[in-house]
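Protein sequences, first through last, are from chains C and F.
Each residue of the first sequence is one higher than the last, beginning at 1 in the UniProt record's numbering.
Each residue of the second sequence is one higher than the last, beginning at 1 in the UniProt record's numbering.
One thing to keep in mind: the hints can contain errors.
For chains that are exact copies, the list does not tell them apart, and a pair is met inside one copy or across any two.
Stated by the list, open to error - Think about it this way: if two alpha-carbon atoms lie no more than 30 Å apart in a straight line, the pair counts; the simulated DSSO-like pairs of lysine-lysine are:
no., residue 1, residue 2
1, K51, K33
2, K33, K13
3, K206, K13
4, K133, K33
5, K206, K133
6, K206, K51
7, K51, K15
8, K15, K33
9, K15, K206
10, K133, K13
11, K133, K51
12, K133, K15
13, K51, K13
Don't read these hints as lab results, they were simulated from the structure.
Protein chains: 2
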Amino acid sequence: MTQANWARLPVVKSKADLVYDSLRAAIAEGDLKPGERINMDELARNLGVSKIPIREAVKRLEADGLVVSRVHSGVTVAQVDAAEMRGVFLAREAIEGLVAGLAAERITDARLAELEAVQQQMRGRLGTRSFQKLPELNSDFHRVLAEAAGYRVLAELTDQLLLTVRRHRITVPADPENWARVIAEHEEIIAALRRRDPEAAARAAKAHISAQADHEVADQE
Amino acid sequence: MTQANWARLPVVKSKADLVYDSLRAAIAEGDLKPGERINMDELARNLGVSKIPIREAVKRLEADGLVVSRVHSGVTVAQVDAAEMRGVFLAREAIEGLVAGLAAERITDARLAELEAVQQQMRGRLGTRSFQKLPELNSDFHRVLAEAAGYRVLAELTDQLLLTVRRHRITVPADPENWARVIAEHEEIIAALRRRDPEAAARAAKAHISAQADHEVADQE
DNA sequence: CACCCCTTCATCGTATGCGATATGCCCGGG
DNA sequence: CCCGGGCATATCGCATACGATGAAGGGGTG
Numbered sequence: 001m002t003q004a005n006w007a008r009l010p011v012v013k014s015k016a017d018l019v020y021d022s023l024r025a026a027i028a029e030g031d032l033k034p035g036e037r038i039n040m041d042e043l044a045r046n047l048g049v050s051k052i053p054i055r056e057a058v059k060r061l062e063a064d065g066l067v068v069s070r071v072h073s074g075v076t077v078a079q080v081d082a083a084e085m086r087g088v089f090l091a092r093e094a095i096e097g098l099v100a101g102l103a104a105e106r107i108t109d110a111r112l113a114e115l116e117a118v119q120q121q122m123r124g125r126l127g128t129r130s131f132q133k134l135p136e137l138n139s140d141f142h143r144v145l146a147e148a149a150g151y152r153v154l155a156e157l158t159d160q161l162l163l164t165v166r167r168h169r170i171t172v173p174a175d176p177e178n179w180a181r182v183i184a185e186h187e188e189i190i191a192a193l194r195r196r197d198p199e200a201a202a203r204a205a206k207a208h209i210s211a212q213a214d215h216e217v218a219d220q221e
Numbered sequence: 001m002t003q004a005n006w007a008r009l010p011v012v013k014s015k016a017d018l019v020y021d022s023l024r025a026a027i028a029e030g031d032l033k034p035g036e037r038i039n040m041d042e043l044a045r046n047l048g049v050s051k052i053p054i055r056e057a058v059k060r061l062e063a064d065g066l067v068v069s070r071v072h073s074g075v076t077v078a079q080v081d082a083a084e085m086r087g088v089f090l091a092r093e094a095i096e097g098l099v100a101g102l103a104a105e106r107i108t109d110a111r112l113a114e115l116e117a118v119q120q121q122m123r124g125r126l127g128t129r130s131f132q133k134l135p136e137l138n139s140d141f142h143r144v145l146a147e148a149a150g151y152r153v154l155a156e157l158t159d160q161l162l163l164t165v166r167r168h169r170i171t172v173p174a175d176p177e178n179w180a181r182v183i184a185e186h187e188e189i190i191a192a193l194r195r196r197d198p199e200a201a202a203r204a205a206k207a208h209i210s211a212q213a214d215h216e217v218a219d220q221e
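Throw the hints in and build the complete structure from the sequences for me.
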């Protein structure tokens, strides 16, 4: 039964998988910006592979909603619609509230330590004002939390939604004060997890997402 | 800004898209059962196309989590892990509660009529005991409801989660009494929507998913 | 001078073919 | 009788090549 899970982690990665990982990371990091054109032939030449692995990677990205392709007119990185962001945050609030409640019930000490390690790194990065690593660490925090909830599907949903938020956030400049608030709210979630208090954890997680939503989409209307 | 949305509905469908639709439908209907092997060469011969469109379709299905592929050892329809189903239902409860609440605030009369039409069809199918169309209609119901919430992302999440449930449900025989309960609970959701009562709609939707979860995963442990 | 059509080009979509590799069977040894 | 190694085969992964189609620019005409 766990076999199906391991099967999704291919031991040997095909070239298409490597291209997929590369492009996905580039989109997540903002190296490929929304609306930017992707030329498949050029990409194939640059990476030293043929178009086929490129096409397969692009198809997967399209299924993920990260790129859009119009026939015979190129592939572009998907736009993040500001109006949709509100829906994304609402979904995150629902899912991460659920996740935090479940995690409080069943989180192991090892995973709690892992979460605290991520939190510690975020504090360090904030202290040295090296902000560029913070989005990745923030993703790690939410991913570890979601994994602690015990259901793979919840981790996947969390990852998927947070990626959209990261892509949207690229369009706005870094804001140190916001990161300080994020880290403080993460601390509250961790505190509730330490007490194994599902109700408080869910409340803290929902408040965290809600506050972030206010920060990111309030000025859009 | 809405352009990006329309771009995801390609006007002209490539062969890869047709193969994708075909396979996805076959998996949803249960014609391709979990664990079943998919031979790409054979599929290419049967459909009269080369392997390339097949491969691209399979890559998209893999991104959707509907198939798993191990290198040089074939592609199989993904197993639906019974333990994961509990997580899927928890996620659905969170998302569809949110969806129903939003829908109650902003549903149009036209869309409400659409929802009632689906409900009417389900009643008809139950009356004539033609159960095989009910899963599809049930998907329609939840899809229309999610679209009424106004955020594309919520509709996509709903669709994705419900597809997993449908695939799991294939493994168990049809149960007329269960469909009667489903339809009754749908009616309660519709009633709350008619009154434009977000709180009641959310409560009814959550109760609906929760009851279904009890029905489908209770006997698994 | 403006508009339209036609040609040209760039880019996508797909077929074919070959190399790589995991799987399963068969045979020999313990 | 059971187990391990080697070979045949099926299947996948990728490169090359060609056809199809939308986009853009230039020239001609009203």
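We went through each hint and held it up to the structure:
For the identical chains of this complex, K51 and K33 are intra-copy neighbours only, at 22 Å inside a copy versus 32 Å across copies, given an alpha-carbon limit of 30 Å. Taking the shortest Cα distances, K33 and K13 sit within 30 Å of each other both inside one copy (26 Å) and across copies (26 Å). Taking the shortest alpha-carbon separations for K206 and K13, neither the intra-copy value of 37 Å nor the inter-copy value of 41 Å comes in at or below 30 Å. Proximity of K133 to K33 under the C-alpha cut-off of 30 Å is restricted to the intra-copy arrangement: shortest distance 18 Å within a copy versus 43 Å between copies.
For the identical chains of this complex, K206 and K133 are intra-copy neighbours only, at 24 Å inside a copy versus 38 Å across copies, given an alpha-carbon limit of 30 Å. Taking identical chains as interchangeable, the C-alpha atoms of K206 and K51 are never at most 30 Å apart, the minima being 44 Å within one chain and 46 Å between chains. Both within a single protomer and between protomers do K51 and K15 lie at most 30 Å apart by alpha-carbon distance, with minima of 11 Å and 17 Å respectively. When the C-alpha separation of K15 and K33 is checked against a cutoff of 30 Å, the pair qualifies both within a copy, at 23 Å, and between copies, at 29 Å.
Taking the shortest Cα distances, K15 and K206 never come within 30 Å of each other, neither inside one copy (40 Å) nor across copies (43 Å). Proximity of K133 and K13 under a CA criterion of 30 Å is satisfied intra-copy only: 26 Å inside one chain copy versus 40 Å between copies. For a Cα distance limit of 30 Å, the shortest separation of K133 from K51 qualifies neither inside one copy, at 32 Å, nor across copies, at 41 Å. Within a single copy, K133 and K15 get their C-alpha atoms as close as 27 Å, which meets the 30 Å cut-off; across copies the closest is 41 Å, which misses it.
For a Cα distance limit of 30 Å, the shortest separation of K51 from K13 qualifies both inside one copy, at 17 Å, and across copies, at 20 Å.
Going down the numbered hints, you'll see the structure goes against 3, 6, 9, 11, while the others check out.
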